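In the order they appear, the protein sequences are chains B and V.
Counted from 1, the first sequence has number 99 at position 99 by the numbering used here; the numbering is strictly sequential.
Counted from 1, the second sequence has number 678 at position 678 by the numbering used here; the numbering is strictly sequential.
These are calculated hints, taken from the structure and not from any lab test.
Treat the hints with care, as some may be off.
Stated by the list, open to error - Chain V residues, not near chain B, derived (Cβ > 12 Å throughout):
(1) E230
(2) A249
(3) Y277
(4) V358
(5) P391
(6) S558
(7) T651
Unchecked claim - With the Cβ distance kept under 10 Å, some of the chain V side facing chain B (calculated, not the full set):
(8) D40
(9) L192
(10) T193
(11) V195
(12) A614
(13) R626
(14) A627
(15) I629
(16) P646
(17) Y649
To be verified - Part of the chain V face toward chain B, derived, beta carbon under 8 Å:
(18) Q604
(19) E605
(20) I630
(21) G648
(22) E652
(23) R656
Bear in mind that the values here come from a model prediction, so they are computed numbers and not experimental data.
Using N, Cα and C, we set each Cβ at its ideal position, and we do this for glycine too.
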Amino acid sequence: MPTDAMLDASALRAQRADDGGLTVTLGDDNYEGVKVRRAFPLESPFEFIGLFASDGSEIGVVERVGDLDTQTAEALREELGRTYFLPVITDIDNLTEAFGVLQADIETSSGSRHIEIRGYRSKIRILSSNRALIEDAEGNRYELRNYHKLPRITRKILGLGM
Amino acid sequence: MDLVEPISDEIEECLRHTLKSGELLMVLLTADLSPDGRYDESYLVLTQERLLVLHPNGISGPEVEDIPLSNIAKVQTCNYVGSGALIVDLPGQTQEVVRFSQGNYFKFSAVPHIVDAALAQPTDGAEAETSSSPPRRVEHCSTCGRALRPGSTVCPNCIRKTETFWRLFSYIQPYRGIALLGFALTLMMTALTLVPPKLNEILIDDVIVPVVTNYTQVVDGTPKQVLTPEAPKIPPPETVKLLLWVVGAFLCLHLIRALVSGIRMWTLGWLGQRITYDLQTEIYNYLQFLSLSFYSRHSTGRIMTRVTTDTERMRGFITSGFQDMVIAILTLIGIGIMLLWMNWELAILALLPTPLIVVGTMIYRHRIHWVFHTIWRRISVLNSLLADTIPGVKVVKTFAQEDREVERFDRRNSELRVSRMESVKMKAVFLPSIALITSIGSVILWWFGGSRVLENTLTLGELQAFIAYMVMFYGPVRDLSNLSDQLESAATTAERVFEILDTEPEILDLPGAQDPGCIEGRIEFRNVSFTYDGFARILDAVTFTTEPGEMIGLVGHSGAGKSTLVNLISRFYDATDGEILIDGVSITELEQRKLRSQIGVVLQEPLLFQGSIADNIAYGTPRATRAEIIAAARAANAHQFIMNFPDGYDTEVGERGGRLSGGERQRISIARALIGNPRILILDEATSSVDTQTEYEIQEALERLIANRTTIAIAHRLSTLKNADRLLVMDKGQIVEVGTHKELLATKEGVYRRLVDMQTELSKVRAL
Chain B
1 MPTDAMLDAS
11 ALRAQRADDG
21 GLTVTLGDDN
31 YEGVKVRRAF
41 PLESPFEFIG
51 LFASDGSEIG
61 VVERVGDLDT
71 QTAEALREEL
81 GRTYFLPVIT
91 DIDNLTEAFG
101 VLQADIETSS
111 GSRHIEIRGY
121 RSKIRILSSN
131 RALIEDAEGN
141 RYELRNYHKL
151 PRITRKILGL
161 GM
Chain V
1 MDLVEPISDE
11 IEECLRHTLK
21 SGELLMVLLT
31 ADLSPDGRYD
41 ESYLVLTQER
51 LLVLHPNGIS
61 GPEVEDIPLS
71 NIAKVQTCNY
81 VGSGALIVDL
91 PGQTQEVVRF
101 SQGNYFKFSA
111 VPHIVDAALA
121 QPTDGAEAET
131 SSSPPRRVEH
141 CSTCGRALRP
151 GSTVCPNCIR
161 KTETFWRLFS
171 YIQPYRGIAL
181 LGFALTLMMT
191 ALTLVPPKLN
201 EILIDDVIVP
211 VVTNYTQVVD
221 GTPKQVLTPE
231 APKIPPPETV
241 KLLLWVVGAF
251 LCLHLIRALV
261 SGIRMWTLGW
271 LGQRITYDLQ
281 TEIYNYLQFL
291 SLSFYSRHST
301 GRIMTRVTTD
311 TERMRGFITS
321 GFQDMVIAIL
331 TLIGIGIMLL
341 WMNWELAILA
351 LLPTPLIVVG
361 TMIYRHRIHW
371 VFHTIWRRIS
381 VLNSLLADTI
391 PGVKVVKTFA
401 QEDREVERFD
411 RRNSELRVSR
421 MESVKMKAVF
431 LPSIALITSI
441 GSVILWWFGG
451 SRVLENTLTL
461 GELQAFIAYM
471 VMFYGPVRDL
481 SNLSDQLESA
491 ATTAERVFEI
501 LDTEPEILDL
511 PGAQDPGCIE
521 GRIEFRNVSF
531 TYDGFARILD
541 AVTFTTEPGE
551 MIGLVGHSGA
561 GKSTLVNLIS
571 RFYDATDGEI
581 LIDGVSITEL
591 EQRKLRSQIG
601 VVLQEPLLFQ
611 GSIADNIAYG
621 TPRATRAEII
631 AAARAANAHQ
641 FIMNFPDGYD
651 TEVGERGGRL
661 SGGERQRISI
671 ARALIGNPRI
681 LILDEATSSV
691 DTQTEYEIQE
701 ALERLIANRT
711 TIAIAHRLST
721 LKNADRLLVM
731 DKGQIVEVGT
741 HKELLATKEG
751 VYRRLVDMQT
761 ELSKVRAL
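Next comes chain V alone, as it looks inside the complex (with noise of 0.2 Å):
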């Protein structure tokens, strides 16, 4: 994040003057409240000396409040309801220096930090932390300046739509014949609905009326066909093969239609399942080396959406919405060139009714889309009550609220109904107006280009096509009023989806990284710190060493860092600062994958694929035997209760292994990260989630399990790491105490010995 802001000229100016020769500015952010809660401007800026305020609105320019860095005892920011205040500690008094509205909170947030580094390190400190500076938590367009939706950094107002199109066809290159192939059979397919109506006018003109010409009879001063059934007249032999020409040449477009039709329907199939697959694949397997952090900042359904919903649109704009698109542009030029080839005037007459449909379209899209947008949200709300009471129905039938919900539900699904009327009402409205005009089109034709036939200056036939092809060209004009729409959104898919693509994974090898080989497992922890937000140290500058097979338990309250400690060995983040080292070796040397495969990790909630008990004790180690399988889980302790199933290792766990219990569940995932024989072995909270029992069994297996690795095991019942080597204490994400369970204890007033005194009277009180 820019911690030094754009600012006005008269501020700019002012500055100048204000800062000394050598004074480096660090920070310079814009307050957006006066203290007493008006909008109003100032200016924090801090150098490596002072503090200081501009308040443009002085009476002769900006006024300047100069805090020196020597006489602040402490900065932190207040965060208020809806906005947020810079309080400064100064000898005898606590001061608010700017005030700012809730959206600049976080930026004002890494302040405190940098004036804690500032006077520090008064002379160098600055740089390294604006370097480390938070981001924002709301991000914004950096050319538009539009907020823009979380964990993306996509502006739909500012894409580059022709580059993100030129990327998105570029995958049709692979199979640009197939994707040429219907690109031709769609213009062919063009070409021949042209046909139809031109058939039609050699049929009426050439054929039918020069022949029924003559059977016309005056009835009732009206000349008028007269049809004698008893005695069917002979046609002219010329006129009867010419209508067979006709007949045929009717025929074979239809034939010859229904060919194209169906190969082009199988070729735009092909190019489009082809397309979906190769997206779907890239997608995918590039989310398999993304880090964790990106997984952490952008939620699962997102994600989801990106690979299945986006890529099949995208696959829908290639294959189908652009080809429409195409197909509706030509079928325009054809019957547009097609009219005023056969006659000007008339054309011009047919056209009349078309800026009438393309405002109406364009009307009804702008106004149904909001329709249709609370639509889907009265559905989700819908659907949000749903997932709340069904799954929630004992809680109803507890409090007898049933008459409640069911009234609460009401409402919600009327609210639904009302908004889905609207949209009915208005498509009762705008389909039949689109007819009606269209109808008015044919009417103007029939009235002038039947005149025109009466007048003996057009013939019936060429009167005929031209309704027709009339007819033809309302439905492109249509579709194409909503071409900014298609476009836009499949731009904005496009650029979304492309977005994962561009994604730089933030842990990567180090060119040159180094196999590991088979580690010993001594762990080093060098000054290290970690913040996820930038903002918020979870450690701060933890420093410790564990000897290869060292059991280490982790103690603290919750937040205290201790999964984020355990996260750091794994390398699913980097440290900020300091370094991890392991058997002397930077983390950040060594081959993440490599590094990980010794690294057994058990988690409180476990998570099991779905598949059998077998492929997931195999799953980090797919080419173990049966018998190595049988080993890790009798090693858990699992072999027992897994052989009480019926399928024995072949049965099938469920859906993130929910047919089994929490227990079983944590005994193959003990199973799973043992088959791999890790040299390190991480068990965060690995017996917590458990009942009693099992915990027993759970303890056993890793009491079994933790000979010879190096273990660090985090847990809250502190009783299940009485046995360890050495017991870590954290508290605010520093280590405060280090010792054995006795040596803890026997500091009356540590932080380890107040957590046993509570869980000792926790217990006595569950007891009772």
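For reference, chain B alone in the conformation it holds in the complex (with noise of 0.2 Å):
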């Protein structure tokens, strides 16, 4: 099976250019516009990462952020974060629950925010390594970290394990 998607980290660079966009440049070729994109945006954000061209054919996957020098590691790091918006709970209040609808007050790692999650039982989904994802009334997704430390009645309102 082709695993020669997988680019070269040495081989790699990438950076900022003028207008914002990012450009890489992948020995001899230069690509601008470059698009990234998470093959495992849940489960391993930093791993993985497909980049693809203005056109939108794919250059490659980059297996590590990691590996990569400072400089193109920091230039990814920043389109990915410009790319995908996904706020961290940090403290849950007033959670309430009536007729299929939780609300709450949360705080996030993006500021504070009041949600009413509808159909909670499939907008909450249980990822690895006690994290949850959850999906409000208007789309919006936030992660929530380390959901067995949150006090008991919480967990069971969100139906997160008892």
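Two chains, two separate frames, one set of hints: put the complex together.
Have a look at this one:
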């Protein structure tokens, strides 16, 4: 099976262009306006990063961002941060449930929000390492880390293990 | 199936005279219709030399029709509507030899095969064929002869209930300490329920009555207790002390009851959940080891019911039903003893309504059972109507049939309402009647007991205790009226679950089965025949060999046996006759799981499991690295579209992969088949349910993948098999043509050529 899509970390250079886009140099090839996509955004956000040229064709996959030189890694991390927005919930307050709708005030890595979760049993997805992905009624998503450390009643309402 | 059925002495005697020495009885079946369609028995006898038909109602004993096998050109069964017949082709004529009702069709359908075998091997072919004779389509109980439920061998009439219950209770064995504690607490609860009436008796006779008697004055000629709220009396200190004791005893009793009840609920709950967990785990584990044939005999719904509802019922019986029964029996005994001990004459009077309650309850339960049965049936009818019309609402609207559907629903809903009202009416009659009978018992007691109190032969406290015990007595009486139903239901449920656990997997690894190691991929079919039902030959003496790395295309009409053939390579079923070899070793000598790990299968309708795309690709190889998952997806032309999903490989596919399109599911299933790097690849209509663009992408991926793997591909679109090294054309379970696409096209009258021509014509018509 072909595995040649994995890019050689030592041959890859990336930097921000003046227009804010990402420029990637791979050996003699130069790509501008490169898009990044995570293969495993929820389970392994800084491994297996797909790089796509501006015409949509795949340049290849970076196996580990940590293997790249500092500047390239930094540029990629920045681009990933711009492409993927997934606030991390740091606190949950005033969690209530009525008629199948959850309401809560949450503190996130990006600020505080009031959220509603409809049909919440299908909108809360358990991830590995005691993490959960929560999708609110408007389709916004949040990551909840270490949910096992939440108060028992909160876990019970969210259906995250008893 | 036994093809030699029991016969009457008269027929046996007749046969003894008719059969020659050394003539082997191969078939003896009873037919139940006369040629003019009346119920009348006749017997079909087959030996290695002839076919005999015995008609028992001849003038001088049974008439015998004798047809030598050498005269028979062909035997076949003919299926009419509601009946069937066995037809024999003789020189110059066709003769109907026996006629039978529909229920007997299946057993007679085995006869033509056996006759064919007898004609082919007149001496020793019989035994082999008889041993592979078909099973009955409708199974009957071997003890009582009742028809069994489809897919079940459990006869509710003949279950050995004692054995079943012992086995059922064996699930308690690992937790016997907890079970005994629960049982002891149950006994304690029962004993505690008997105490309050006795305390009441003490309260009335020893505390209240002796003091209150002093407050009695004659008012208007009648002695009455006259209250003096303005000047409360001071009761004797010893009476107050006794009141305190009794009240204290009541308080302690309630505290102990609450405590015992709580511990009992926890204990039985724990026990119940452990038993449910053990049972469900045991059944599910066992289901994983059962062969595919088990799943084709049992519907998914039925298997799910065994794992969920039936195990829950078993838990209910062990932890609740059984305990309630014990409580009821003990309560009855306890109260009976108390009543007789207190006053045997009153006890007999008190128990007078009991037979009425028992009989009334039994009649009610019998009648309401059928009403409930009707209600369940009508609910099911209503549900099936909803299941039809709600998904089909587009059709309803298209034909503007909304009113008709509303009317149809209304009619069925009315029927349901009527049957529900029937149950309401029965309850409205039964429950007040029982209450009335119980009250009549109390009235009788009040009269006779009250008279005794007035005669001073019974205390007021005793009478009150009597009435309290009597009220407590009738509850268990009603419960026990249903005892046999409960036991039967529990036994049948348990037996159905045990039936699964007792099913022997048909495909088993032989002792000393070999690990095939890394196979080369040489597949050899030697004269392989296969039948699912023991009768219809889906594969008939199939012989072919594929070399390692060769690509074989399997072509043929629907039902030609193509999918069955590939199922046999994976050893989902064992061949009925013949042998299949992988790298020269019979697959029955190989460890099936190791063999299957080297076979990649892509089906027409790929089934994905709930979870992420990555989980699904790595399903057969859970330790696959992320790099391997991406490589497999890339090879299956799936990487591009997966990366376009916001969650990439972490995307949830939904139930059965429902959030993805057919083509996406198919490419993921190809990646799943490839990740283990199988040596044999089976593609069963892998591209037939996708659009042309997707088919092109899948085809492109497949062509890359079949290199260096033995590939067997089934496809209806013959163009997809053009590059196969060889094509095997199947018809009616046999390989009728072998060759490359070009070679087979050159055969003008060939099956393949005809199929290609038909598809070309069809393409032209579609293009118009």
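Verification of the supplied hints:
1. E230: Correct as stated: the minimum Cβ-Cβ distance to chain B is 56 Å, above 12 Å.
2. A249: holds, 40 Å
3. Y277: Per Cβ check, V:Y277 is outside 12 Å of chain B; nearest 15 Å; holds.
4. V358: holds, 45 Å
5. P391: Consistent with the label, V:P391 stays out of reach of chain B, its closest Cβ about 20 Å off (over 12 Å).
6. S558: holds, 33 Å
7. T651: violated, 9 Å
8. D40: This hint is violated: V:D40 lies away from chain B, its Cβ roughly 64 Å from the closest one there, beyond 10 Å.
9. L192: At 33 Å from the nearest chain B Cβ, V:L192 fails the 10 Å test, so the hint is violated.
10. T193: violated, 34 Å
11. V195: At 38 Å from the nearest chain B Cβ, V:V195 fails the 10 Å test, so the hint is violated.
12. A614: holds, 7 Å
13. R626: holds, 6 Å
14. A627: Holds: closest Cβ of chain B sits about 6 Å from V:A627, inside 10 Å.
15. I629: Cβ of V:I629 sits 9 Å from chain B, so the hint holds.
16. P646: Holds, about 7 Å.
17. Y649: holds, 5 Å
18. Q604: With a minimum Cβ separation of about 23 Å from chain B (threshold 8 Å), the hint on V:Q604 is violated.
19. E605: Not OK, violated: V:E605 not within 8 Å of chain B, min 24 Å.
20. I630: holds, 6 Å
21. G648: holds, 5 Å
22. E652: holds, 7 Å
23. R656: violated, 15 Å
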